[in-house]
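If you want the building blocks of each chain, they are given just below.
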Amino acid sequence: MDTAVVVQPWKLAALAEVIGATLEGDGNIEIHGAAPLDRAGAHDIAFLSDPKYRVHLETTQAAAVILSPKESAAWAATKARLLTPNPYAAYAKAANCLYPEPRPATGVHPSAAVATSARIAPDVSVGAHATVGEHAVIGAGSIIGAGCVIGEHVTIGSHTRIHPRVVIYPHCVIGDRCVLHSGCVIGADGFGFANENGNWIKIPQIGRVVLHNDVEIGANTTIDRGALGDTIIEENVKIDNLVQIGHNCVVGAHAAIAGCAGISGSVNIGKHCRIGGAAMIGGHLSIADGAVVAAATPLFTSIEEAGMYSGVYPILPHRQWQKNAVQLRGLDAL
Amino acid sequence: MDTAVVVQPWKLAALAEVIGATLEGDGNIEIHGAAPLDRAGAHDIAFLSDPKYRVHLETTQAAAVILSPKESAAWAATKARLLTPNPYAAYAKAANCLYPEPRPATGVHPSAAVATSARIAPDVSVGAHATVGEHAVIGAGSIIGAGCVIGEHVTIGSHTRIHPRVVIYPHCVIGDRCVLHSGCVIGADGFGFANENGNWIKIPQIGRVVLHNDVEIGANTTIDRGALGDTIIEENVKIDNLVQIGHNCVVGAHAAIAGCAGISGSVNIGKHCRIGGAAMIGGHLSIADGAVVAAATPLFTSIEEAGMYSGVYPILPHRQWQKNAVQLRGLDAL
Amino acid sequence: MDTAVVVQPWKLAALAEVIGATLEGDGNIEIHGAAPLDRAGAHDIAFLSDPKYRVHLETTQAAAVILSPKESAAWAATKARLLTPNPYAAYAKAANCLYPEPRPATGVHPSAAVATSARIAPDVSVGAHATVGEHAVIGAGSIIGAGCVIGEHVTIGSHTRIHPRVVIYPHCVIGDRCVLHSGCVIGADGFGFANENGNWIKIPQIGRVVLHNDVEIGANTTIDRGALGDTIIEENVKIDNLVQIGHNCVVGAHAAIAGCAGISGSVNIGKHCRIGGAAMIGGHLSIADGAVVAAATPLFTSIEEAGMYSGVYPILPHRQWQKNAVQLRGLDAL
Chain A
1 MDTAVVVQPW KLAALAEVIG ATLEGDGNIE IHGAAPLDRA GAHDIAFLSD PKYRVHLETT
61 QAAAVILSPK ESAAWAATKA RLLTPNPYAA YAKAANCLYP EPRPATGVHP SAAVATSARI
121 APDVSVGAHA TVGEHAVIGA GSIIGAGCVI GEHVTIGSHT RIHPRVVIYP HCVIGDRCVL
181 HSGCVIGADG FGFANENGNW IKIPQIGRVV LHNDVEIGAN TTIDRGALGD TIIEENVKID
241 NLVQIGHNCV VGAHAAIAGC AGISGSVNIG KHCRIGGAAM IGGHLSIADG AVVAAATPLF
301 TSIEEAGMYS GVYPILPHRQ WQKNAVQLRG LDAL
Chain Z
1 MDTAVVVQPW KLAALAEVIG ATLEGDGNIE IHGAAPLDRA GAHDIAFLSD PKYRVHLETT
61 QAAAVILSPK ESAAWAATKA RLLTPNPYAA YAKAANCLYP EPRPATGVHP SAAVATSARI
121 APDVSVGAHA TVGEHAVIGA GSIIGAGCVI GEHVTIGSHT RIHPRVVIYP HCVIGDRCVL
181 HSGCVIGADG FGFANENGNW IKIPQIGRVV LHNDVEIGAN TTIDRGALGD TIIEENVKID
241 NLVQIGHNCV VGAHAAIAGC AGISGSVNIG KHCRIGGAAM IGGHLSIADG AVVAAATPLF
301 TSIEEAGMYS GVYPILPHRQ WQKNAVQLRG LDAL
Chain Y
1 MDTAVVVQPW KLAALAEVIG ATLEGDGNIE IHGAAPLDRA GAHDIAFLSD PKYRVHLETT
61 QAAAVILSPK ESAAWAATKA RLLTPNPYAA YAKAANCLYP EPRPATGVHP SAAVATSARI
121 APDVSVGAHA TVGEHAVIGA GSIIGAGCVI GEHVTIGSHT RIHPRVVIYP HCVIGDRCVL
181 HSGCVIGADG FGFANENGNW IKIPQIGRVV LHNDVEIGAN TTIDRGALGD TIIEENVKID
241 NLVQIGHNCV VGAHAAIAGC AGISGSVNIG KHCRIGGAAM IGGHLSIADG AVVAAATPLF
301 TSIEEAGMYS GVYPILPHRQ WQKNAVQLRG LDAL
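Protein chains in written order, with the working numbering: chain A, 1 to 334; chain Z, 1 to 334; chain Y, 1 to 334.
Treat the hints as calculated values from the structure; they're not laboratory data. A couple of the hints might just be wrong.
Here are the in silico distance ranges between beta carbons for each label pair [said to hold, decoys possible]:
1) H135/Z / R319/A: 24 to 34 Å
2) M308/Y / P110/A: 55 to 65 Å
3) R319/A / H318/Z: 26 to 36 Å
4) G107/Y / E30/A: 58 to 68 Å
5) E101/Z / N195/Y: 35 to 45 Å
6) E17/Z / A140/Y: 48 to 58 Å
7) Q8/Z / Q8/Y: 50 to 60 Å
8) H318/Z / Q8/Y: 37 to 47 Å
9) W75/A / E101/Z: 18 to 28 Å
The C-beta atom is built at its ideal place from N, Cα and C for all residues, glycine as well.
Only chain A is shown next, with the shape it has when bound in the complex (with noise of 0.2 Å):
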């Protein structure tokens, strides 16, 4: 398939090895690229994971697909294949390697603005226009994108990539092999104000913010420091775009939350959480391991076990919307 990306071509055996699948045929043929099993041609791997797409297994032109054994066994061409019973994690690890993601070049950008104190592995990329504060420690291999402002005092593991224009405040601390996307802001200010006779006065946010290991952090996402104490993302937490994470929140192991969600300060997301998009969770709140909060829900009470919860309301023409809502207004006299 074109892409945008440059392939790097894998024998089938290889690729089989590294994702740990089973080969079926010719483990000399050379892989070029991964497609879906209807776009794919002559030299792209496929997968088969929903079993909806299975219409497409007899007319693929895929060169070898990645499939479970069951659905294997039910299909009659003699194709090449990689069984292995999470197809779709499989594929995953195989465009990996097909498709490794580019390294600028390893060095210090000569525009770059990096404070004598800041300690930076020697095999780092800090690109053009990027500022490293005071003291701030970046690990091997990782990469500062372009126009990034690193505060002083961070600490950034080793093989983390932070895309351009990244914010990370002063003292925050960032994992290994990390994604931070361009225009996510790191560690500013909780929103945190006490009133004196109807005058907002601030209240120094003096904690910090911690991403544990491979967490990936969306574009334009922001995530504030703790008030007193930290705001801490645990390993392998996923964020997507545009997600506000306040103050003081912990958000458990492996959770994923969608574009746009709303976390107000101190809430507490258990581990394998997944939040979808638009959700708003309000402040001061937990959330047991292995929740669902569902897309666009606003959620204003804890979540004690695990399972799937709503709170959309639901769509209709115009029309009926209205009428429906005269009633609903009144549904408590009614």
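Starting from the known structure of chain A, arrange chains Z and Y on it as the hints suggest.
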């Protein structure tokens, strides 16, 4: 009217010609600005589009008024006027004449980091601290604002204005006469992960974002690159601030998407659709040409035909809302 | 308490004087930090504001406690205390003494691009890779962070702190003692287009954004310039992250707007209003002084008097929600 922008005076006759309106009255009047009917001064042009402002016709100080032939016929005054069936569009054209957006100086700012293989038309402006990657192409008359990061192999058409601090990831394509506001991020990775035993594995996002001609993108809006294949924004689409567009969406020509809307992955939005502010569109849906989704509406089923669709909880004083919410939670049992 | 920020020790008596509290106990105690009652160490000051934390009074290790005279009278311990009717506001003031925000070095970083006609007070700090446009004015003691883009003719008051990578479009006005967090965009074009035969024509946005004194703007928040006339944020307004404010809004003094809220164009928000997180306010509405809009509430009618207003769908386990939603869709027929 006093404005932040320097005005370019026009003779009324010339303005009439450029905006395609019929002149009645003295074409030699010099127009020095545009303003609402009730705030216009003696050298301003005003317009009447919404009949509820008709009351201001009698007292307006404007030098001339843009209005429909019907409104004009019903207006006793003998003031200069420009007649057109669409006064609001005519006003837009007149205002573009009177307030031409200033252009920065042509040329590449000495602090910009432009790759040697980038191809930049001679009449382009590249601002301070901008970065332009290898093999990028920037068309005639386009403006790259201060601090922008234009990735490798990005193609930008002609007469496009990219405001300061925009990021365009590698390989994306931007059309002619587009406007991209500050902080928007074009082409960050889509939110694609495969789950293996509770652990998230990243799926490389190897498609692009393609913006056709005359697209406008608001401040801090994010548009993700395709996973496989492209995310496509067709011509004349207008997208407001803080909107998220997921990977592999197609937004049809002339659609408009208001602020804070979230569009999940693989959504197909038809031509001329209007998506209200803070609407949330679920993944893999299709929205028919010309459909309107009301503001704050969550949409989780496809829309098959044009028309307006709503799904918004009606607001009430908090105590009444609480009583109704109790009934609503038990609605099915009721 | 260990924090990310360097503490400035204070004698308790001096602190009492500055925050306007009555000292009881040894004024010579040196305070080295602030912390919650249950986490305070032997040199920390703690506070009691919410009665539910009263239980921690008995066991706190704090050197001194800020609390109300009434709570103090009911507390048997003889620990040093600072008495005030508003302990939370007093704590805010004490924390500002103990944790003064560090200032970068005064002066213009050599990599900054400052126009020759810009007027910059001598005690200002302009960070690396910042851009300051022609005729911009920056008042005494203000800080312009790394990578900021300050447009032409922008005026910034004194003692304002602009964090890295903020964009302020030309002609906007920022007051004294404001705080603008990273990634916010002040003055991008409002979302104004006229439709002519299905085609969108841009309406020039020729107003400004004006922030009065003591305003705080969160990370990646966007505030659009007026179409004609200005968008105005009055004094002491506090706006959280990822908020969108449309063109020509007026936000009254001392209002607070929480994260992810969307305010459409020409909205008039009264003084002392509170807008909850992810609330969505429709265009051209007025909200009375002192009104509170609950989080996640969509508002499409004006609010005439103070009080709290809600419109949030109650959450349920997904199966129950599905059943209720069916009934709700047919509510009017029912």
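Outcome of the hint check:
1. For the pair H135/Z and R319/A, the beta carbons lie near 53 Å from each other, so the given range of 24 to 34 Å is not met.
2. Remark: the range hint 55 to 65 Å for M308/Y to P110/A is upheld by a beta-carbon distance near 56 Å.
3. For the pair R319/A and H318/Z, the supplied restraint of 26 to 36 Å holds, since their beta-carbon distance comes to about 28 Å.
4. At roughly 59 Å, the beta-carbon separation of G107/Y and E30/A lies within the given 58 to 68 Å, and the hint holds.
5. Checked against the hint of 35 to 45 Å, the pair E101/Z and N195/Y fails, with Cβ atoms roughly 21 Å apart.
6. Here the CB-CB span from E17/Z to A140/Y is close to 51 Å, well matched to the stated 48 to 58 Å.
7. Here the CB-CB span from Q8/Z to Q8/Y is close to 55 Å, well matched to the stated 50 to 60 Å.
8. In this structure the hint that H318/Z and Q8/Y lie 37 to 47 Å apart at CB holds, the actual value being about 42 Å.
9. The beta-carbon spacing between W75/A and E101/Z, approximately 59 Å, falls outside the hinted interval of 18 to 28 Å.
Comparing the model with each numbered hint stated earlier shows that hints 1, 5, 9 do not hold.
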